[in-house]
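A.B. asks: Given chain G's structure and the hints, the job is docking chain Y onto it.
Going down the list, the sequences are from chains G and Y.
Residue numbering for the first sequence follows this note's numbering, starting at 7 and increasing by one per position.
Residue numbering for the second sequence follows this note's numbering, starting at 7 and increasing by one per position.
These are calculated hints, taken from the structure and not from any lab test.
Just so it is clear, the structure is predicted and the values come from calculations on it, not from any experiment.
Mixed in with the good hints, there may be bad ones.
It does not matter which identical chain is meant; a pair holds if it fits inside one copy or across any two.
Derived PhoX-like pairs: lysine-lysine, alpha-carbon spacing no greater than 20 Å straight-line [as the list claims (entries may be wrong)]:
#	residue 1	residue 2
1	K131	K153
2	K20	K101
3	K153	K132
4	K20	K62
5	K62	K15
6	K166	K99
7	K62	K128
2 protein chains.
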Amino acid sequence: MTNLLSEEKSLPQKISEDIIALILEENLQPGDKLPNETILSERLNAGRSSVREAMKLLASRNIVTIRQGSGTYIASSPGMVDDPLGFTFIGNKQKLINDLLEVRFLLEPPIAAMAATRADKKDIKKITALCDEVEDLLKKHEDHTQKDIDFHAAIALSSKNVVVPRLVPVINSSIPLFVETTRGTLLDETIETHREIADAIAAHDPLRAQDAMYLHLVYNRKRIQMIGK
Amino acid sequence: MTNLLSEEKSLPQKISEDIIALILEENLQPGDKLPNETILSERLNAGRSSVREAMKLLASRNIVTIRQGSGTYIASSPGMVDDPLGFTFIGNKQKLINDLLEVRFLLEPPIAAMAATRADKKDIKKITALCDEVEDLLKKHEDHTQKDIDFHAAIALSSKNVVVPRLVPVINSSIPLFVETTRGTLLDETIETHREIADAIAAHDPLRAQDAMYLHLVYNRKRIQMIGK
Chain G
7 MTNLLSEEKS LPQKISEDII ALILEENLQP GDKLPNETIL SERLNAGRSS VREAMKLLAS
67 RNIVTIRQGS GTYIASSPGM VDDPLGFTFI GNKQKLINDL LEVRFLLEPP IAAMAATRAD
127 KKDIKKITAL CDEVEDLLKK HEDHTQKDID FHAAIALSSK NVVVPRLVPV INSSIPLFVE
187 TTRGTLLDET IETHREIADA IAAHDPLRAQ DAMYLHLVYN RKRIQMIGK
Chain Y
7 MTNLLSEEKS LPQKISEDII ALILEENLQP GDKLPNETIL SERLNAGRSS VREAMKLLAS
67 RNIVTIRQGS GTYIASSPGM VDDPLGFTFI GNKQKLINDL LEVRFLLEPP IAAMAATRAD
127 KKDIKKITAL CDEVEDLLKK HEDHTQKDID FHAAIALSSK NVVVPRLVPV INSSIPLFVE
187 TTRGTLLDET IETHREIADA IAAHDPLRAQ DAMYLHLVYN RKRIQMIGK
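If we strip away everything but chain G, and leave its shape as in the complex, we get (with noise of 0.2 Å):
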């Protein structure tokens, strides 16, 4: 991978690359427990303080876990962060809502086609569960913000691509600006859009799949663009 930042590093910044050789080399997976900090300090030949630095730097990127009195464990979701592109430093709140959308037109479309034609028995099961419940707070009127970025990410991977699952929650971490720019408006809308894409890829169906996608975000923008005026 490419270094996107070149600053200066520190000791424990070094170290911390030097865990994540070890991580990649020895194949540890999520949960799997880390060396102590007395094995690595003497395999990685550095102080234990650096260690245990190096070891928090590694915390805030959720590469691991630090849990008191246990251990370290790989995280979940290694090297996943809150915000990862740095939405939160983007003044133009609105600016943002529109663009994060021209970019879900891009890709979100396409991801739903390949969905249709990679989605298994297991992945059907799950994107359809989710689409009854999203239909189901929607129409107690209770917060389905949670449910609906877990019936795209569901979607994302069925895809099947190893890069898509983790692309599309941070796009759609505007779901929630979305849901509350548009609150209780986009309801009849949802449902019946959220419901022929998930039709769609259980039918196996491509291009019904990315035309019922494209249709749920036009209602999005529409809705956006109304209220925006």
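C.D. replies: Only chain Y this time, still in chain G's reference frame:
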């Protein structure tokens, strides 16, 4: 923004979030200096050592840059970390290369079209200059990796979408892998397709730019498939 992850938060983590809130409130920009530790610990009602720990976390997330003896500053691309989607931890690098290319097929052709529509004179000058530089390096058989990434990043910036320039360098972190995989073999195709992309953007012709980008990616895919056999 939604939290992608929900692990328990330490005191320095909580304070780091307070500091982020303060950065946003005061609309601090890249390069701006933060208040010193004493002032921050008073304003946030926290111990100085916790504030120091929080700053280290923010530095590891590339939100601030700590300059010894000078102070703490907002980083140049706040919140953008190296390898933000954790590709390092995807074990199968051949699948990663293929899947990153699949995502580039979804994103980069329409982004080239957006750039052709929206690029101003300054953007076009920059894209053309980078195209020249990549061509020079290729002809001299020198490493063109960074300039190649810069070329695609300049196109992303010309799209005027605030999300795209944060996304494209992440997806293009695969370029060094491509270059390694296809070393020396892509010379003519890279020169010709890059030039066609740059010319189409300069001519404000979105369809031509989109097609040129497809052609560029198709050459990449063919080459990777040949080598994979």
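A.B. asks: With reference to the structure, classify each hint as holding or not holding.
C.D. replies: Hint by hint, here is what the structure shows:
no.	hint	result
1	K131 - K153	within (15 Å within a copy, 46 Å between copies)
2	K20 - K101	neither (38 Å within a copy, 28 Å between copies)
3	K153 - K132	within (12 Å within a copy, 43 Å between copies)
4	K20 - K62	both (13 Å within a copy, 14 Å between copies)
5	K62 - K15	both (15 Å within a copy, 12 Å between copies)
6	K166 - K99	between (32 Å within a copy, 15 Å between copies)
7	K62 - K128	neither (37 Å within a copy, 43 Å between copies)
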